Each structure stands twice: as C-alpha cells, then as structure tokens.
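Protein sequence lines correspond, in order, to chains Y and G.
Add 195 to a position in the first sequence, counting from 1, and you land on the number used in the numbering used here.
Add 70 to a position in the second sequence, counting from 1, and you land on the number used in the numbering used here.
Treat each hint with caution, since some may be false.
Claimed, not checked - With beta-carbon atoms standing in for the labels, derived distance ranges:
hint: 1; chain 1: Y; residue 1: His-548; chain 2: G; residue 2: Ile-256; range: 46 to 54 angstroms
hint: 2; chain 1: G; residue 1: Leu-587; chain 2: Y; residue 2: Pro-602; range: 27 to 35 angstroms
hint: 3; chain 1: Y; residue 1: Lys-222; chain 2: G; residue 2: Leu-587; range: 55 to 63 angstroms
Stated by the list, open to error - Below, in silico cross-link-like pairs of lysine to aspartate or glutamate (EDC-like), each with a Cα-Cα straight-line distance of 20 angstroms or less:
hint: 4; chain 1: G; residue 1: Lys-536; chain 2: Y; residue 2: Glu-256
hint: 5; chain 1: Y; residue 1: Lys-522; chain 2: G; residue 2: Glu-139
hint: 6; chain 1: Y; residue 1: Lys-217; chain 2: G; residue 2: Asp-583
hint: 7; chain 1: Y; residue 1: Lys-522; chain 2: Y; residue 2: Asp-396
hint: 8; chain 1: G; residue 1: Lys-86; chain 2: G; residue 2: Glu-132
hint: 9; chain 1: G; residue 1: Lys-319; chain 2: Y; residue 2: Glu-609
hint: 10; chain 1: G; residue 1: Lys-355; chain 2: Y; residue 2: Glu-197
hint: 11; chain 1: Y; residue 1: Lys-391; chain 2: G; residue 2: Glu-139
hint: 12; chain 1: G; residue 1: Lys-350; chain 2: Y; residue 2: Glu-197
hint: 13; chain 1: Y; residue 1: Lys-217; chain 2: G; residue 2: Asp-581
hint: 14; chain 1: G; residue 1: Lys-504; chain 2: Y; residue 2: Glu-609
hint: 15; chain 1: G; residue 1: Lys-350; chain 2: Y; residue 2: Asp-396
hint: 16; chain 1: Y; residue 1: Lys-221; chain 2: Y; residue 2: Glu-250
hint: 17; chain 1: Y; residue 1: Lys-550; chain 2: G; residue 2: Asp-581
hint: 18; chain 1: G; residue 1: Lys-350; chain 2: Y; residue 2: Glu-609
These aren't lab readings, by the way, just hints derived from the structure by calculation.
Just so it is clear, the structure is predicted and the values come from calculations on it, not from any experiment.
Note that the Cβ used here is the ideal one computed from N, Cα and C, for glycine as well.
Single-letter residue listing:
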Amino acid sequence: MEHIVIIGNGISGVTLARHIRKLSDKKITIVSAETDYFFSRTALMYVYMGHMKFENTQPYENWFWEKNNIILKKGYVNTVDTSSKTLHFEEGDTLTYDKLVIATGSKPNKFGWPGQDLKGVMGMYHKQDLEQLERYAPNNEICKHAVIVGGGLIGIELAEMLNSRSIPVTFLVREASFWNGVLPKGESAMITRHIKNHHIDLRLSSNLREIKSDNNGKVTSIIIDETGEEIPCNVVGLTAGVTPNIDFLKNSDIELGRGVKVNRFLETNISDVYAIGDCAEQHEAIGNRRPIEAVWYTGRMMGETLAQTICGNKMAYNPGHWFNSAKFLDIEYQTYGWVFGERGRPGYEQHFHWKHDDDTKCITIAYHKNTNEFLGINTFGIRMRHEVFDRWLTEKRDVDYVIHHLPEANFDPEFYSRFENDILKTYKNTLQTIS
Amino acid sequence: MSLAKPDALGINNKQKAAVAIGVIGLFILTLALLNTNFPNQGVFLTLALSAIIGGTLWFSREAYLAKHEGIKNDGVWFKSISSRGILGWILGVVLTTFYIVLYFFPKYLGLGTNGEANTGLIALFDPLSQLLSGRNASQWFVYGTLYTVAILAFGYKFILKYRHNRYQQLRTVSVMFFQLGFAFLIPEFMYVMNNDLPYYDLKSIWPLNYYIFDEWSVKGFLSSGNIGLALLIFGILSIFVFTPILTYKYGKRWYCSWVCGCGGLAETAGDSFRQLSSKKMYAWKIERWLIHVVLVFSVIMTTAVVYTYLGYDKNDFWLTRGVFISLVIGLLTLVFAATMIFKRQELAKDAKYGAISFFIAIALLLFMHFTGTTDHLFYIKAGALRAAYGIYIGSIFSGVIGTGFYPILGNRSWCRFGCPMAAILGLQQRLFSKFRITTNGGQCISCGNCSTYCEMGIDVRAYAQKGENIVRSSCVGCGICSAVCPRGVLKLENDSMKGRINSKDVLLGNDVDLMELVNQK
Numbered sequence: 196m197e198h199i200v201i202i203g204n205g206i207s208g209v210t211l212a213r214h215i216r217k218l219s220d221k222k223i224t225i226v227s228a229e230t231d232y233f234f235s236r237t238a239l240m241y242v243y244m245g246h247m248k249f250e251n252t253q254p255y256e257n258w259f260w261e262k263n264n265i266i267l268k269k270g271y272v273n274t275v276d277t278s279s280k281t282l283h284f285e286e287g288d289t290l291t292y293d294k295l296v297i298a299t300g301s302k303p304n305k306f307g308w309p310g311q312d313l314k315g316v317m318g319m320y321h322k323q324d325l326e327q328l329e330r331y332a333p334n335n336e337i338c339k340h341a342v343i344v345g346g347g348l349i350g351i352e353l354a355e356m357l358n359s360r361s362i363p364v365t366f367l368v369r370e371a372s373f374w375n376g377v378l379p380k381g382e383s384a385m386i387t388r389h390i391k392n393h394h395i396d397l398r399l400s401s402n403l404r405e406i407k408s409d410n411n412g413k414v415t416s417i418i419i420d421e422t423g424e425e426i427p428c429n430v431v432g433l434t435a436g437v438t439p440n441i442d443f444l445k446n447s448d449i450e451l452g453r454g455v456k457v458n459r460f461l462e463t464n465i466s467d468v469y470a471i472g473d474c475a476e477q478h479e480a481i482g483n484r485r486p487i488e489a490v491w492y493t494g495r496m497m498g499e500t501l502a503q504t505i506c507g508n509k510m511a512y513n514p515g516h517w518f519n520s521a522k523f524l525d526i527e528y529q530t531y532g533w534v535f536g537e538r539g540r541p542g543y544e545q546h547f548h549w550k551h552d553d554d555t556k557c558i559t560i561a562y563h564k565n566t567n568e569f570l571g572i573n574t575f576g577i578r579m580r581h582e583v584f585d586r587w588l589t590e591k592r593d594v595d596y597v598i599h600h601l602p603e604a605n606f607d608p609e610f611y612s613r614f615e616n617d618i619l620k621t622y623k624n625t626l627q628t629i630s
Numbered sequence: 071m072s073l074a075k076p077d078a079l080g081i082n083n084k085q086k087a088a089v090a091i092g093v094i095g096l097f098i099l100t101l102a103l104l105n106t107n108f109p110n111q112g113v114f115l116t117l118a119l120s121a122i123i124g125g126t127l128w129f130s131r132e133a134y135l136a137k138h139e140g141i142k143n144d145g146v147w148f149k150s151i152s153s154r155g156i157l158g159w160i161l162g163v164v165l166t167t168f169y170i171v172l173y174f175f176p177k178y179l180g181l182g183t184n185g186e187a188n189t190g191l192i193a194l195f196d197p198l199s200q201l202l203s204g205r206n207a208s209q210w211f212v213y214g215t216l217y218t219v220a221i222l223a224f225g226y227k228f229i230l231k232y233r234h235n236r237y238q239q240l241r242t243v244s245v246m247f248f249q250l251g252f253a254f255l256i257p258e259f260m261y262v263m264n265n266d267l268p269y270y271d272l273k274s275i276w277p278l279n280y281y282i283f284d285e286w287s288v289k290g291f292l293s294s295g296n297i298g299l300a301l302l303i304f305g306i307l308s309i310f311v312f313t314p315i316l317t318y319k320y321g322k323r324w325y326c327s328w329v330c331g332c333g334g335l336a337e338t339a340g341d342s343f344r345q346l347s348s349k350k351m352y353a354w355k356i357e358r359w360l361i362h363v364v365l366v367f368s369v370i371m372t373t374a375v376v377y378t379y380l381g382y383d384k385n386d387f388w389l390t391r392g393v394f395i396s397l398v399i400g401l402l403t404l405v406f407a408a409t410m411i412f413k414r415q416e417l418a419k420d421a422k423y424g425a426i427s428f429f430i431a432i433a434l435l436l437f438m439h440f441t442g443t444t445d446h447l448f449y450i451k452a453g454a455l456r457a458a459y460g461i462y463i464g465s466i467f468s469g470v471i472g473t474g475f476y477p478i479l480g481n482r483s484w485c486r487f488g489c490p491m492a493a494i495l496g497l498q499q500r501l502f503s504k505f506r507i508t509t510n511g512g513q514c515i516s517c518g519n520c521s522t523y524c525e526m527g528i529d530v531r532a533y534a535q536k537g538e539n540i541v542r543s544s545c546v547g548c549g550i551c552s553a554v555c556p557r558g559v560l561k562l563e564n565d566s567m568k569g570r571i572n573s574k575d576v577l578l579g580n581d582v583d584l585m586e587l588v589n590q591k
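Only chain G is shown next, with the shape it has when bound in the complex (with noise of 0.2 angstroms):
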C-alpha cells in the first residue's frame, strides 16, 4: 500500500513503523489466501482491516501533518513506486494478478461453488457479510470491502495532503461518502429488506452499470414489486434526465470526481499515480477513437439484449420490440441531429467523421430490424454480445486494465479510454455545459505542473499558456491542475456558455491594439 521508497527522500521511523503494520494487515489476508483456516474469523479480518487502515491513516499523518500546508509532491518522480520504478511494476503486476483471479478464477479465493462452504480469504469475510446481509461473503463482498477500505484510508490520505484545499477535502468526503454509502452498505440492507432484487448500487449509472437491463436484473426489479420498479425508473431517469442537468450545469466533475466509485478508488488511492498518464499527441488520438467505439458497443449490446427478451405481442406488455427500436432510433437521431445543428461547428473533423459513421453504422443496423426476419438484432446473438463485452470491457478493461495498471498508465486509463459513461458525459461537458477551467489571463509561465499532475492526460498547459480556457470533454474536474499552478492560473468554474470556448493568439497584457488585431477572427 503505502510503500514509498526512501530513494530520494527518505520516509521516517514512524512511517517505516506504519508501514509495517500495513504490510501485517496484508499478511493476515494473504496467509488465508493460502488457505490458512484461522480460528476465529471475525477477529482476524477486524485485525487485517484494521491494521491496514491504521497503517495508512499513521502514515498519512506523518508523511503530511509535520509540514506545512501547501503542495506535496516532493519527490514523486524519485520514488519508484510512483514513476515506474520496480515497486511500481511489482505493484501494477501483483493487481493485475489480483484481478485476474478474481474475474475468471474465483475459486482460488476460496469462493464455495455448488453450495460448498467458502474457503481461504472469502470464508475470512464471511463474518462481516453475515453481519451487515445475513449471508456467506461471495468474491464480490471481498473486493467490494477492501475497494471501499482502500477509497476512505487513502481519502484520508488525500484530505491530509491537500488540507488547504477545500474543494478537494470536500470532494473527497463526497466520493468517500458515495462509496460506504452507496456502492457499499445500501445494497447490503436492501437485500435484508428484499432478497429478490439485484444487487444495485444507485450512483452506478447505466452504461457504467452495463447490466442493469439485463434480463435477470430487470425481472429482478419488476418481481420486487414497487421498490423494485421505483428503483428501475430511477435507473431509467438517472441517465436520461438527472445525467444531462447535472452535467449541464457543473461539468462531468459532477459525477466522475464526486460520486463515481472507478473515480474515487482513483483519486484516492490512485492519486500517487496521477502523473503517469500519457500526454502525448497520439495518446490524445487513440483516446478519442477508443472510447466512443466502446460507447457505441455498450448502445449496441444493450439495445440488443433488451431487444431479445422483449416481446413481439401488444398483448403482453405495451413495451414490444418494435416499439423499443423506434424509441431507441429517435432518441439516437434527436442528439445526432441536434448536435449537428447547434454546435456543428465546434466539432474537429476527425469528431464530425467519426459521429457520422458511427451513426450510420447504427442507424443501418437498427433499420434491419424492420427488414429482416432473423430473430437476431444485427445477425449475433445478443448473448455473445453481451457476453463479450462483460469480459473484454466490463472485466478486463475496467478492471484489470484500468486499475491493474494504476502504476503503469496512470489511475484514470479507464476513465480516460474506456468508460462509456465519461463518454457521454464527455460529449455533453464539451457542448452544452456551463462548466470550464478558466486560465487567469497572461500569468501562465508555462511550468507545466497542471499538465504533469491532469489523471486524464490533457495537456493544460497548451491551453493556459495561450490564455485559452480548458474545454475538453474528458476532464473529470478534479482540480489538481488549479492546485498545483504555482501562479494561480487556473480555476474551475460554472459560468455561462458564452464565451467559455475562447482561442487565443495574443495574451493579455500586450499592447491592446496588437491583441485585437491578433485575436480577431
């Protein structure tokens, strides 16, 4: 966890001491990795848990409280777990094992099948699930837990590193909060009240949660009656509605730096990491394409499984197959149209080409549901797709990818070129949104610290040094640029639309004809 190697800046006695105890937590769980059958469960996993939170809350402490306030990076790219040294690989290869395991091959967890008891680390968990859902730990409590230990101790970590800061105090408590709350206890409750529904996380907004519509997820929630449907709906609502005001009036950061999990276990326990994303040109590139094919993949399959379990028959239930392709068509050509109508020319070329194509590709596909015969939407079975997709997007991407490689590529490469969910929220923030980061005049000096410490690889400073707010769809909000900026260049602000995207050729401060003359366009 916390192993910050004394290369360049030695870590004290205190810290080394911290570590230890941290290291001791981890050995608790590994020795019942091993299958070690501990005596007493319960007190064992209080004991693994408590000293790794411990161990992170002292060294927190000691690593921040005996300095002053102000900005701590001293030595991030001297440590070797933080620029890729060899504690960043063995970090990057032992999570990526991690997740491995736990997606395909569960059992090595000690995960019971066929009714079996579990065994190893999941039977260590089995105590707390029992006490919190009256049931055995499955592999997903065990993960659950621990990615919800990880956000609070490193979000204490994190409040401490930046105690001068309240914007990031205060959004850290938010994802801190969201992540105990929702993504962790309620689902547990709302299984004692009503085991008949699918586990769901509510801040987990579809297609993040790419199988809230499944059929078994659905039948899940109609079969719990109305809490069930309720629930249903604000799943419905949470993207149709909720997603566009909230984006509309404070930017994505609304969700993916305050509330989303990916996005708290980055910012907090990823945040030692947050310098290692690419800010390369083409890494820029391969971000634009890759995300909007796995946005357009994620409509395609979840079109195509609900799709399949719907009806052909009125009689059944008023939402058919032919219904739900022509809402799904005249959603898709409303936004396309729109966007294409009002905001056209904000839009780079490679962007226009790719929303054409993709829309075609769509609308072709879609059309054929009216012309051909196959019970197959677009000729696959609407299993494989989704299937697919579980595997290569929803496990491998997201997971072993996106937080396997935390010490490789950086805490948001799922975020950055994965998600479909910052995908939409992406496209929205970059047209119709009142939020930017606004670059404070002429005061740049190009230093470069915004773009060295921005999770998702945007070059701030091409932006701030030309006097240019920063407008780009992937930005999370998180505001570690304006933290960072030595000059005070940069804030982040809702404002209004006019006037947010302004591109600038002479900075202020310069003779004032030479800038009109220069910024005329």
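Excised from the complex, chain Y in its bound form (with noise of 0.2 angstroms):
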C-alpha cells in the first residue's frame, strides 16, 4: 500500500488528508511538532481572550483519526533524505515514504533586529507561541505594557488579544495608515481610527530600531527608530509578516526560493514530492496572486487540489476568484476579486468608495477604467455573499449592475438595516461630479 507521509497538520496537510482518504484506501501519515491533534490556528486568539478552550479549537474529535485511519505521528523532522525517501527525526528516529507532502506551514518574520530571541519575545502564530504570551503576559501586573511590531492582520490580532486582559498596548506600524500596502485610502484610515478608538497606542511611520534587556535576558524596553523614543515594555509581539518555515529542507535535494518551489501541479523538483499551503511557492504567480499565499483558504485549497493528483486523476492548482476575510476588532472585513490599494494597483483600476456615518461600514468596489467591468469588492461591516460575487466576477459583470443589484448580495444577520439606496445615492452622485 502506498504510504503517503505529510509533515504539517494544519489546514493544508489536514485537508489534503481527508480527501484522500475519501478517495482511497492509502496509507496516510501526518507529522507535527506542534500538536498532537489538528487545531485552527485562526482561533488562537480566542483561546487568550476566554472565548474558548484549546480543545474547542480542534475541528475532530480525537477518536477521529483512528477511525478515518489517519496515522499521527509527533515528532520534529530534521533531514529529508529524497533519494532512500528517508525522513530523520530529531529523536532519532526514521519513517520512509512513497509520496513526501510539505505543509509545514510558516514561522514569524524577523528581520535581525537586536534583541529579537530575548525572553518575552514572540510571534503569534504557533500554539508555542500562545503558551509563550500566556507566560509573559498573564495578567497587566506581570505585563504592565505590551510592544507589538508590524501591522498586519496578525498585529491588529495580537492587539486585541492583549487589551482584551487590559495590558496596555504600543502597536508600531511602517505604514503611514494601518494595512494600507493592501487597503485603499479610505478603508485603512477608518481602520487606524477605529484601532485609536480602542486605546490601542498606534504609531504610524514607526520601525523598531532594537529591544532591550535586563541581566536575565528577558525585556524591559524597545527603541523606535524614527525618534530614539524608548518605550518599557514586558512583551513584545513581532508580527510583521510571516515566512516559509521550510530551514529543514536547506541541506535537502529539493529545490528553495523564499519557500519550496512548486509547478502548478504543487510538485517540486524532486519526484514525489509535493508542497502546498504557505510554505509552497510558485514559480510564477498565479494571476494578480502572489507566488507564496500564506492564507487559510489557499492552503485548504491546495490540499484539495493534490489530494486529486495523489489518487491518480493530476490536477492543476488553478484557485477560482480571490476572496479573503479579516476582523479588526469590532470590524468585520470580507473581499471578493481584486481591490488594489495604492501600492500596486494597476492603472485601469477605478474605485468606487462609500462610507457610513458611523465609521464602522464601508465599501470600496473596484472596476475598469474603460469597460466599466467589475474586478472586485472590500466590504467592511456588511456582510455579503461569496456565492454571488463569484457568480458576478465570472459573468463579468460591470460596475452598474453591481450597484443596482447589491441587496441580492447582503448576508447580514435578518433584521439589520441595509445600506444599499444609501450606496446607490452616492453612486450616482459620484458619477454625476464626474460627468
């Protein structure tokens, strides 16, 4: 029987499982250093926060994998040996392999700076990473100020994770407004107003120049690299970004960019060996999508997507309409299709933006310049249907029509109030100033 081994039990590995298994009889082994068992990384917050317990994170019950005839295997895997298919444990041990799948995921970004393994410095991407903030930062008497560095969506996470315990945080972001690399204008200075409205001590413009120690090694400071203001500190949090965490493959065979090369069939230069999830990465991008997707759906994706070519029916990764979702805060925030923010749009990108009074709702929508064709739409407080956005991006509809027919799309809760004649009025007056 084929013995299929995946090292990683996050979305990817874990989907990329299931499905095989539904298609065959295969033998199935997953490897983790984390965990024992699958967990959601995206609710580790809600685990510091006291909305749920670890185990309600985890998706299957134990018994799960017996019974689906998973094999999970803890362990950390040293060295891949692609030529004896030979995996070397750090314990020592070995497991050979018919077909290698990579899903290792990410780790945290650092980018040198001083300071940055000190004690009570941390990331917040793995459960160590949770058990580590637990540590340092239980209560705001053993963490009297908290310093998060990068603001991303992991960033805006961390933060509301630290004031839901009322330890003070200093948020540094490079930007000039919060996320704006990937929101427009209008969108990313409601956020940054809406993360001051927290009491959340936000810095534009700010880098970490180096954190500070006492004798022990644990924190006391951080130094911003603009001013030379030092800020005392307990914690600090580096969330600026996330890379491939793939530094057990560097003495392998297999081929590495900033991740582990793969075609579009998610295999690597070495045969039968595959990558999916956020430590695969393109050789060339897919479209408008970057060559690394370090996103929950893509990755759950891919595994899909594999799992066919594994069972013998080889199939492209060739993802549908982009579509992503974040909260901030009390924000909630779904995309459909491409909206560009100023870095990087294309010059035909045209945006069509409105705003409620609030300051908690928006919309931007994003259309071609000369075809009026619909290319995409960030929603912020109004919730909207995947179904229908992917139907309209398909059909390629234009601009016009998506305004007019915006109810078909509202999936807020019954009840609610709806916004649409208000957007419809701004739509025309808009067009109005410009004609």
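Make one complex out of these two single chains by using the hints.
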C-alpha cells in the first residue's frame, strides 16, 4: 500500500489527508512537532481572550483520526533524504515514504533586530507562541505594557488579545496608515481610527530599532528607530509578516526559494515530493496572486487539489476568484475579487468608495476604467455573499449592475439596517461629479 | 445572580456595588425563606425585587455600555461562574435544591396547607398575588414571579450585550413580552374574570404543556362557558394548525427562541452558560434517542389519560373512546406514512430504525384497545402513567435538571434532550421547513466560535467548514453562531426548500472544474 507522508498538521495537510482518505485507502501519516491533533490556528487568539478553550479550536474529535485510519506522528523532522525517501527525526527515529507532502506552513518574520530572541519576545503563530504569551503576559500586573511590531492581520489580532486582558499596547506600524499596502486609502483610514478608538497606542510610520533587556535576558524596553523614543515593556510581539517554515529542508535536494518551489501541479523538483499551503512557492505567480499565498483558504484549496493528483487524477492548482476575510477588532472585513491599495494598483483600476457616517462600515468597489467591468469589492461592517460575487466575477458584470443588484449580495443577519439605497445614491452622485 | 468572578478580568467598583445590591435583594428573600416575619410584606417584597432587578440592570450597564458595540465574550472561560468553576457548581447546587423544594416540598417555602395562611417566602408574595388576582400566593406564583423577574432583568442584560445586533434584540424583547404578558399577567387576569378557568398560559402548547388535556383541565375549560371552550379549541389548534404553519415558514425558532418560556429563561438568565453544552458526537447520539423517547412517552401518556375519562357511549358525547383511538391512530399513520413516502431519503439510518420501532410500538399498543377488554389502555393505569410523567419529565427533567444544571450542562439541556414540543418542531424543521442557516461559500476558517457558543450543542463548524448549510432538528435559531462568527459566514434564513440541504466536499473558491467533479453525487 502506498504510504503518503504529510509533514504539517495544519489546514493544508489535514485537508489533503481527508480528501485522500475519501478517494482511496492509501496509508496516510501526518507528522507534526507542534501539536498532537489538528487545531484551527486562526482561533488561537480566542483561547487567550477566554472565548474558547483550546479543545474548542480542534475541528475534529480525537477519535476521528483513528476512525479514518489516518496515522498521527508527533516529531520534528531534522532532515529529508529524498534519495532513500526517508525522514530523519530529531528524536533519532526515521520514517520512509512513497510520496511526501511538505505542508509546514510559516513562521513569524524576524528581520535581525537586536534583541529579537530575548525572553518575552514572540510571534503569534504557533501554539507555543500562545503558551509563551500566557507565560509572559497573563495579566496587566506581570505585563504592564506590551509592544507590537508590524501592522498586519496578526498584529491587530495580538493587539485585540492583549486589550482583552487590559494590557496597554503600543503598536508600531511601518506604514503611514494601517495596512495601506493592501487597503485603499479610505478603508485604511477608517481602521486606523477604529484602532485608536480602542485605546491602542498606534504609532504610524514607526520602525523598531532594538529591543533591550535586563540581566536575565528578559525584555525591558524597545527603542523606536525614527524618534529614538524608549518604551518600557514586558512583552514584544513580532508580527511583521510570516515566512515559509522550511529551514529543515536547507540541506535536502529539494529546490527552495523563499519557500518550497513548486509547479502548478504542486510538484517540487524531486519526483514524489510535493508542497502545499503557506510554505509552497509558485515558480510564477498565478494571476494577481503572490507566488507564496499565506492564507487559510488557499492552503485548503491546495490540499483539495493535490488529493486528486495523488489519487491518480492529475490536476493543476487553478484557484478560482480571489477572496479573503479578517476582523479588525469589532469590524469584519471581506473581500471578493481584486481591490488594490495605493501600492501596486494597476493603472486601469478605478474605485467607488462609500462610507457610513458611524465610521464602522464602508465598501470599495473596484472596476475597470475603460470597460466598467467589476473587478472586486472590499466590504467592512457589512456581510456579503461569496457565491453572488463569485458569480458576478465569472459573468464579468459591470460596476453599474453590481451596485444596482447589491441587495442580492447582502448577508447581514435578519432585521439589520440595510445600506444599499444609500450606496446607490452616493454612486449616482459620484457619477454626476465625474461627468 | 450576576456574579462574575474577577480572576481574569476584574469587575469595577460600580459593578461590585451592583452585585451587592442584588445580593441584598436575595438576602431579603432568604430571610423570608427562613421564616422571618416582615412587618410590611408589600414593602419588603418590593424592596427585594427592586434590588434584584436594579442590581442586575446596573451591573449590565457597567459591563457593556462603557465598551464598543461588538462581541462580548472576553474571559468567559476564565470566570468561575461560566466555566464550571466553584461558583458555577455552587449556583448549580442552589438552583437544583430550590427546584427540589419547589416541586416536592413546597411547605418549606411556606405554603399554607389545609386552608392555613402562608408563611415564609410564599407569604412575602401574598400582597403581589392579592393585587393581581385577589388571592393568596402559591409556590407557583412565587416561582412564576421570580422566573419573570429573571427573564426581564437578564433580558435587559442580553439586549445590552448584543446592542449591535437587531435580531438578538428583537427576539429578546419578544421572549420578555411573552413571559410577562402570556405566562405571568394574563393567566392572573383570566382568573379574575372567571375563576373556574384552569391556569392557562396561552403560549404553552401541548406536549410541553402536558396537563392541558388532563381531565380536571378539560373539565375546567368546558365548565367555563364559551371562553373556556374557545381556549380549549385554541390549545388544540395551536399544536395541530398554528405550529406546523409557523414552523414551515420560520423554523422552530418562532417558538423556541421567540415565544417559549423555557427558551426565554435559557436565552436570558442562561445566556452565560451556553458554551457549556457538549458538542461531542456521543452527546448528539444520546440527544437523538432521549428526546424522541420523551416524545413517544408524552403521546402515549396523553392518549391514555384522555382515553380514561372518555366514555364508551355515543349518547354522552360524540367523542367516545373508539372514535378517539381511531383519530390518534389515523393521525400517527398519516404523519408516519407521509414522512416515509416523501422524506425517506433524508433520514439517517438510526432515525429510520427509531421511527419504525416507535411507530410499531404505538400502533400495537393502540390496536390492543380494539382487541383487549381491559379498562386500562396499554394495561397500565393511565393515572400512574400521568403521575410518572409529571414527576420524572415535567418536574425532574425540565426543572431540576433542565434549569438547575444550567451552570454544569449548559442552558438548554431540557430543550435539547427532553422537550417533546422541541422534538415535534424539530422533526418538522428537519423535514419540512424553509428555515436553514446558510454558510457563506468558502469563507469559514474553522475557528469554532459558532460551535462553542451553540447552546444546543450543534457542531456548527462541522457544516460551515464544508460549505454546507446547517439544517438540524435541534437548532432553535437563536442566531448566536451567526453573531459570534468573526468572518460573516453564517446567516439564519427562510428561503425555498430546494437546495436547502447541500452536502459539499470542495468549497467555493477552488477550481470550478474540480468543484464540479468532486461535488457530483
């Protein structure tokens, strides 16, 4: 029986294993050094905030794996010998495979800051990061102040986490407005205000110079590069993006770039070795996507696709329309299709922006300047239907159609106020101003 | 009441004061319980209830109004009261004891027997009862008042907690209204109008209201003239006509989380315990059997009770035992046959076996009526059956366990495992209703907030992460899964029956060819 070994028990590896099991009775082993069982990484924040227990983050009960004949192995892979198809574990034992899938995800970026490995400095990605945070920031007496470095989605989550335990936070963000590398101006400005409203000390255009420690190697303060200001703190969160977690492959024959290089079939340069999820790097980016997509949904999609290939129905990774979501404190965000911020926006992309007076809801619709084709939507504080936008993108609807049919896409709970009329009115006014 | 343990998230000084005020109110009630004779009972009762309500309202305002609108679950699993900590267990024991005394030893609450005057706690409530209906209080009046106070005070708390969510607000106003009006005030006024009428909470529908077809109840209705007859007919129409129509249109939520009193208490005072319901597969298995066994028990019990007091002779009344039994058999056969013919493919294996065996059992027993000569349907004395149901289901299951165990088993264990009304509505919701919880394409990140906060113990995430809609018989449509979802994945909806149940293997967002290939059935 063919033995499929998957390194990594995150969403990519687990989705792959589940789909292989549906299609075949191959022997499947999932290897992880992080946890015994699959858990939802996106939910770690809720454990610290007391919304959930760690068990609640596990989508499958512990009996699920045995029942589905999926072997779970806890261990850290030191090296991969592709010539003998053998994994060597740190603990000394080995495991042979017929097909190997690398699904090891990411690790937090560290940019060589002085003091980045001190006690009390951590990312927020692995379960071990959560344990570290629980140790160094259990409450606002032990952790009187925390500094977060890097204004992305994990940074804002970490700020929300610390806020939930009333730990004062200083939030260093490189950009001049929160996440404006991704978000258009109006949205970025609204989220920036929202963060400040939550009493988070947001420092824009600020970088980290160094982290200082006491004699025991524990964090005591940080220095802001631009101003030289020293901020005393007990915890530093490094959330300036993530990078593929592939150091253990450095001495293998597998071709690496920033991630594990794969073709559209998610195959590496070595036969019978594949990579999926955050750690996979496409030779050429697909459409507007980045070569490395560190997103929950794409990891799942790669797992769904590779299962077909491994079970004999060779299939290229060919994702559909882009979508994503996040939550910024109390404001939910969804995106369908492509809406670019200032940076990297194609010349043909034009925006229609609407914002509610209460400063917690807005949408941005991107369309083609010449053809009026609908390109994508960002929606904040209003839930919208994935299926509807996916269809409109496929049908290549124009912006006019989308605005007039917005009520069809609404996904807010029943009895919520609706804003389609207001949006339509703003749209018509905008058109008049333009023409 | 609102005792949030400040181990992880401190409560502020105003909240401590609010708790103190609430405790003073409870203390007055406790003194009364210990037979302290208050000089002016009306004043002290007002004082006690005002302190409890006022303390809760103040606490809630401090807890939520100073914060931004949004989900307020910070520290839920750190607080002793809401995570089966020591406070949770103490509260569980106190509530359970209260229910045991209420149901089985009302004299300890001060109920006067043999025409004696009330004492203790019940006497304290005499002035309010006199005011409303001109009679002295009973243990049920005390219970009803406290129950209503709990729903109103904690309903206010819930409305503040979800002040960004109009669905939650409206449904809470609805349960507060139905409790205050239908369960508490109207029956008292009905008594004033016509004191032959049995206590009748119009929204309490058979089989939840298991005593409505008891002999004393039916006689009470029939001896009260047209109004009584109208009420009896309303009770019959409620279960056989109104309920199916409303459940078809809106799902069982129209009752369970908008109208019902048990649901009302669970959604308000019980809200802090919703995360304690078990999401494990074995709990679901127990639930499926237990709730349907209770349903069958209640049908048999009611049939037997009605059968017993009906006559044989057509001259007395058109509804004789023979006619009645034929009606019951006819109705059960109709429902059963329709389900098997039209919905067979939607039933899981165990549901089929269960349905068939239940049906055979009931049919056999009922047919014995025509062949047997005994006066006792099913060879069991109907009175014994009725008494057993009243004690084990009506009192112990729904009260002692159902509410007393809020801080241990979660706030809906009666609704989930025991309520025969929920079972009927659930069967209909699963098989014949427009209601579903829609999953938003491929947006689920499997975080598990939905499952954690489902009071009915539904593993919502298991469906959402597959892109499947949630169509579960137990779902009471409280809408909290949708509220706590950080990615806007869930929406309660009434839409067409077609495509309502949609099992999927690949989610939206992937290669369209792959999706088609894999999702083909």
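Hints and how they fare:
no.: 1; hint: Y:His-548 to G:Ile-256: 46 to 54 angstroms; verdict: holds (53 angstroms)
no.: 2; hint: G:Leu-587 to Y:Pro-602: 27 to 35 angstroms; verdict: holds (33 angstroms)
no.: 3; hint: Y:Lys-222 to G:Leu-587: 55 to 63 angstroms; verdict: violated (24 angstroms)
no.: 4; hint: G:Lys-536 to Y:Glu-256; verdict: holds (16 angstroms)
no.: 5; hint: Y:Lys-522 to G:Glu-139; verdict: holds (14 angstroms)
no.: 6; hint: Y:Lys-217 to G:Asp-583; verdict: holds (18 angstroms)
no.: 7; hint: Y:Lys-522 to Y:Asp-396; verdict: holds (19 angstroms)
no.: 8; hint: G:Lys-86 to G:Glu-132; verdict: holds (10 angstroms)
no.: 9; hint: G:Lys-319 to Y:Glu-609; verdict: holds (15 angstroms)
no.: 10; hint: G:Lys-355 to Y:Glu-197; verdict: violated (35 angstroms)
no.: 11; hint: Y:Lys-391 to G:Glu-139; verdict: holds (15 angstroms)
no.: 12; hint: G:Lys-350 to Y:Glu-197; verdict: violated (33 angstroms)
no.: 13; hint: Y:Lys-217 to G:Asp-581; verdict: holds (19 angstroms)
no.: 14; hint: G:Lys-504 to Y:Glu-609; verdict: holds (15 angstroms)
no.: 15; hint: G:Lys-350 to Y:Asp-396; verdict: violated (42 angstroms)
no.: 16; hint: Y:Lys-221 to Y:Glu-250; verdict: violated (29 angstroms)
no.: 17; hint: Y:Lys-550 to G:Asp-581; verdict: violated (33 angstroms)
no.: 18; hint: G:Lys-350 to Y:Glu-609; verdict: violated (29 angstroms)
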